[in-house]
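The listed protein sequences derive, respectively, from chains A and F. Taking my numbering, the leading residue of the first sequence gets 3, the next gets one more, and so forth. Taking my numbering, the leading residue of the second sequence gets 3, the next gets one more, and so forth.
Keep in mind that the hints are not guaranteed to be accurate.
Note: identical chains are not told apart, hence a pair may lie in one copy or across any two.
What the hints assert, rightly or not - As a list, the in silico BS3-like pairs of lysine-lysine whose alpha-carbon atoms are at most 27 angstroms apart:
1) LYS308 - LYS217
2) LYS76 - LYS340
3) LYS33 - LYS53
4) LYS217 - LYS304
5) LYS167 - LYS39
6) LYS11 - LYS76
7) LYS33 - LYS51
8) LYS254 - LYS39
9) LYS28 - LYS226
10) LYS167 - LYS313
11) LYS28 - LYS254
12) LYS254 - LYS167
13) LYS159 - LYS11
14) LYS11 - LYS340
15) LYS167 - LYS28
16) LYS226 - LYS167
Quick caveat, the hints were computed from the structure, so don't treat them as lab data.
There are 2 protein chains.
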Amino acid sequence: MLQDKNPSKTDLSQLGEFGLIETLTKDFLIKNSSTIKGVGDDAAVLSYKNKQTLVSTDLLVEGIHFDLAYFPLKHLGYKSAVVNFSDIYAMNGQTTQLLTGLAVSNRFPLEAIEEIYEGIKLACKIYDVDLVGGDTTSSRSGLILAPTALGQIAKGKEVYRSGAKPNDLIVVTGDLGAAYTGLLVLQREHETFKANPQHQPDLSPYAYVVERQLKPEARKDIIKILNELDIIPTAMIDISDGLSSEVLHITKQSNVGAHIYADKIPIDPQTVLTAEEFNISELTAALNGGEDYELLFTISQKDYEKIQYRKEFAVIGHITDDPGAYLITQDNQKVALKAQGWNALKK
Amino acid sequence: MLQDKNPSKTDLSQLGEFGLIETLTKDFLIKNSSTIKGVGDDAAVLSYKNKQTLVSTDLLVEGIHFDLAYFPLKHLGYKSAVVNFSDIYAMNGQTTQLLTGLAVSNRFPLEAIEEIYEGIKLACKIYDVDLVGGDTTSSRSGLILAPTALGQIAKGKEVYRSGAKPNDLIVVTGDLGAAYTGLLVLQREHETFKANPQHQPDLSPYAYVVERQLKPEARKDIIKILNELDIIPTAMIDISDGLSSEVLHITKQSNVGAHIYADKIPIDPQTVLTAEEFNISELTAALNGGEDYELLFTISQKDYEKIQYRKEFAVIGHITDDPGAYLITQDNQKVALKAQGWNALKK
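Bound conformation, chain A alone:
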């Protein structure tokens, strides 16, 4: 006999939109003095005085950016916030506010939406961001998250993609390719589970790469360090689509070229092992995998000594006069970089 396994779940239609918003947002505290009025009116009111405002939006769509079969809802909420914060840091800014657009189908009870908001709340807490608004509505099928992040930056300190100059050094934070190999692991475990629901996955050998996929962090810490080191990058972007795609954004918008050295690209040992298991090159994961949310930036050579002993940074190449962005392989081959990161519109 079929049983209702979740007798305590709360149907969204009982609450209505406004009850839902109240339930979801009541525990969010205001932390930024720039937040004059948050959730609960037609618009949020923000006051930045002499700072510039930064604003960015990034959608997360079920079946395209995540599969709920292996993506916990709380992590999804967290990630939806963090990927938007990452865009603010990529301008050299500080995140201050968040709005969350959410479209859900009726298959989600209140408790599922609350899980998503738990993740958003945790991200807001860790990154010192105020939730100030949003819109919650129904969808016919999938779950869609549409957050908008706001931030601020002192005038003259904003960093665009377009400022890279010939001979600038190309720097990347953290390590690359882990989030993509983590995705491969999760997809494989899900297939195994479908074939055999008794299967208990052991993800411990993949803990790092899986966490990079499910719970990425944005590099707020790097913005603080750059400020302390008195470095304003000449260009900066976050790595959401893969290193190749991001290098090409910078070279195109800055009207320059780039040489990236394959043996300089930082890759975690677990990423290497996992990539081997899936018979792909770890370099492919780093170049095209995306979703690492590390920062890629260029600096003037005079700033090199400020970062040379910092473990957060790896110098992976330099900007060239000649157009064209190339990977220089370990055997000294010169391979043109291609943007393969984003194929969400491929059929």
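For this one, chain A is given, so just place chain F on it according to the hints.
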């Protein structure tokens, strides 16, 4: 034999995300001095100096908020922008920037997305708004628009929902109920068309109500008039969910009650005729229909003489000390207002 009826349509996957964004945004001009950097970087950069920033987001979901069977894509783009502008005006603010999140399935070619952007562009032009960013991605099924609007307001002039005081007058702009009766007409014509594809609908008797549904306007003009009349409403909200729901928002957030007089609610004659045709009360359309995007606000009685001869405004009731919001009918019955506007999460 099956033929490709649209040989000239451009597949989105040929363009990729960045090609698509470039194609869509190249003709948008910057008009606001507060827009420092628009589309094309990780975040937009805005500078408001001594003004407060306003920000609001409203999702439009296929199958919930619109049906593409009768909703032209250009109108949809226009409406998605305007409903967000309306939230900024409802704070007494000026709209300045827009970000457009867009999730589309592969069934849409480039030309369809361009149609949506044509509508967004027209709205930006008419309302003097700069498109400064967004995110375009794929969806598994429906079309989802997730715009975020930004605006500004001089400090101290922002109008919340929470400021209504006992004896304040309740004022509404324009007329109500038309958008909902327009929707009923469109839905009926669509059903007729499905039954008989040769059917040529004659929408001319319904031109006004259909336009109110398909191409609503936000009341930017009212904000200008209020400023000229030196009126700062004590509370304000835009009518997206229906008059009942919006009155209840104001009374709840202001801790007051309200009396609304049925015979004072402005309703267009075409709305009355169309409602009759569908055997519904025009009052129901006005109270619960929603999507009129008129402004509902409260003013101190001392401001009454400033608006009494202005055709843009109708005084429909007053704020009371006693809690509870009531409709006073023509035969002097007192009926509690209920928020029935939003049922997108109903099964």
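> Looking back at the numbered hints, which does the structure fail to meet, lowest number first?
Replying inline: 1, 2, 4, 9, 13
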